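Student: Now for the letters of each chain:
2 protein chains.
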Amino acid sequence: MDIIESLKWRYATKKFDPSKSVSPDDLQTILEVGNLAATSYGLQPFQFVVVSDPAIRQQLVPFSYNQPQPAQASHVIVIAVRTDVDAEFIRESARFTEQVRDLEVGQLDGYAKQMIGAITSMNEQERLLWAQKQSYIVLANLMTACAVLKIDSCPMEGFIPAEYNRILDLDAKNLHASVVLPVGYRAGDDEQQGFAKVRKPLGEMTHFV
Amino acid sequence: MDIIESLKWRYATKKFDPSKSVSPDDLQTILEVGNLAATSYGLQPFQFVVVSDPAIRQQLVPFSYNQPQPAQASHVIVIAVRTDVDAEFIRESARFTEQVRDLEVGQLDGYAKQMIGAITSMNEQERLLWAQKQSYIVLANLMTACAVLKIDSCPMEGFIPAEYNRILDLDAKNLHASVVLPVGYRAGDDEQQGFAKVRKPLGEMTHFV
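In order, the protein sequences belong to chains A and B. Residue 55 in our numbering sits at position 53 of the first sequence; the count goes up by one each step and never skips. Residue 16 in our numbering sits at position 14 of the second sequence; the count goes up by one each step and never skips.
Everything labelled a hint here was simulated from the structure, so no lab data went into it. A portion of the hints provided could be inaccurate.
As the list claims (entries may be wrong) - In silico SDA-like links for lysine to any residue, alpha-carbon gap of 20 Å or less:
| no. | chain 1 | residue 1 | chain 2 | residue 2 |
| --- | --- | --- | --- | --- |
| 1 | B | K16 | A | D86 |
| 2 | A | K199 | B | M124 |
| 3 | B | K17 | B | A198 |
| 4 | A | K202 | B | L110 |
| 5 | A | K199 | B | K202 |
| 6 | B | K202 | A | K202 |
| 7 | B | K175 | B | A189 |
| 8 | B | K202 | A | D86 |
| 9 | B | K10 | A | Y43 |
| 10 | A | K199 | B | Q30 |
| 11 | B | K199 | A | G44 |
| 12 | B | K199 | B | V211 |
| 13 | B | K202 | A | S42 |
| 14 | B | K199 | A | K199 |
| 15 | B | K202 | B | S42 |
Just so it is clear, the structure is predicted and the values come from calculations on it, not from any experiment.
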């Protein structure tokens, strides 16, 4: 399977070549694969914040524990979770589904009610964690798409969300930075690229019942 | 990109054909793609619990809010997070990396210390959530692998972890059920398969900075 070869090729790139840039077409493909991620109830409780502006990418570095990837990569994709997933948002999502599937308006009211019950039974913190989990499915899809396109990436949890939110004005958009993926092309002298991939053997990772 | 076509083909299968079974080779491929998932520090804080036994799959149904997929699918892949990610586990992981990369024993001691600092600064609940997030990257990889192989799957968060842990004896293995993926082949009359895929347009999902 090609994906296996692609995922073996992938590694968490520590040093990007700042002179190389991901093409608009490839960026579009990567985001499209991310947007096809499965999410809880299909609610897609996230948005992509794609940072290409070099000055802003540089501003992110001190709030990324001084990791240089946000500055050196071609684009920084911030997967931000929505903080506005409420009854109204869910009803609108149901309306959108009715529209896409040529259903009558109101046909999904019962299902919307069920979703609203499930989501609003969570407190704010639980809802954030629920959305964050979904954002990791999106992250995985982005990484796979990059790998298939031979584009490098580096998943990053080591950053200060409140500062990312401030710099990218996410609070005003009802968003919260969840996980970050700089994308671009590896530097020729990133020594990490020569290291053997380390995965525990599948036999040690699996129990059969 | 083939992945896009595959992910568009994928849907959360509500009704599996219980007469069809995923082949051992395909199952191996799916798990291999899951095992190639990126995880925080490469620590792989999870294990696969693959349930094929029909009686046990049936037992899972009442603790899955009576969703029939665990009983009807070919295999239920439970992604369980490790509850034993401590200093010793991390040191062993570093030893294993040294071995795979032909490094001298002890060469990664400093890095191990850094990881231990980061992980043990989290309390038990935070560590569980940290591992659960990683498990969603694994979930995404499994779903993508299935889709590429034209194998159906249904990601499930709607289950009672404590009961899954009990039935599958996970506590004794220092594991905790995080998220569940029944895999198999769709039933011919699963009406969901005819529904148009619903995704908000990428333009509405993306902010450019």
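Student: Each hint: holds or not?
Tutor: Going through the hints against the structure:
1. B:K16 - A:D86: Violated, at about 28 Å.
2. A:K199 - B:M124: At roughly 27 Å apart (the allowed maximum being 20 Å), B:M124 and A:K199 break the hint.
3. B:K17 - B:A198: 17 Å, holds
4. A:K202 - B:L110: 17 Å, holds
5. A:K199 - B:K202: 36 Å, violated
6. B:K202 - A:K202: 38 Å, violated
7. B:K175 - B:A189: 34 Å, violated
8. B:K202 - A:D86: Within the cut-off at roughly 16 Å; holds.
9. B:K10 - A:Y43: Given that 20 Å is the threshold and the Cα spacing comes to 16 Å, the pair holds.
10. A:K199 - B:Q30: Roughly 19 Å separates the two Cα atoms, so the pair holds.
11. B:K199 - A:G44: 10 Å, holds
12. B:K199 - B:V211: 29 Å, violated
13. B:K202 - A:S42: It holds: about 14 Å lies between the C-alpha atoms, which stays within 20 Å.
14. B:K199 - A:K199: 36 Å, violated
15. B:K202 - B:S42: Measuring from Cα to Cα gives roughly 29 Å; hence the hint is violated.
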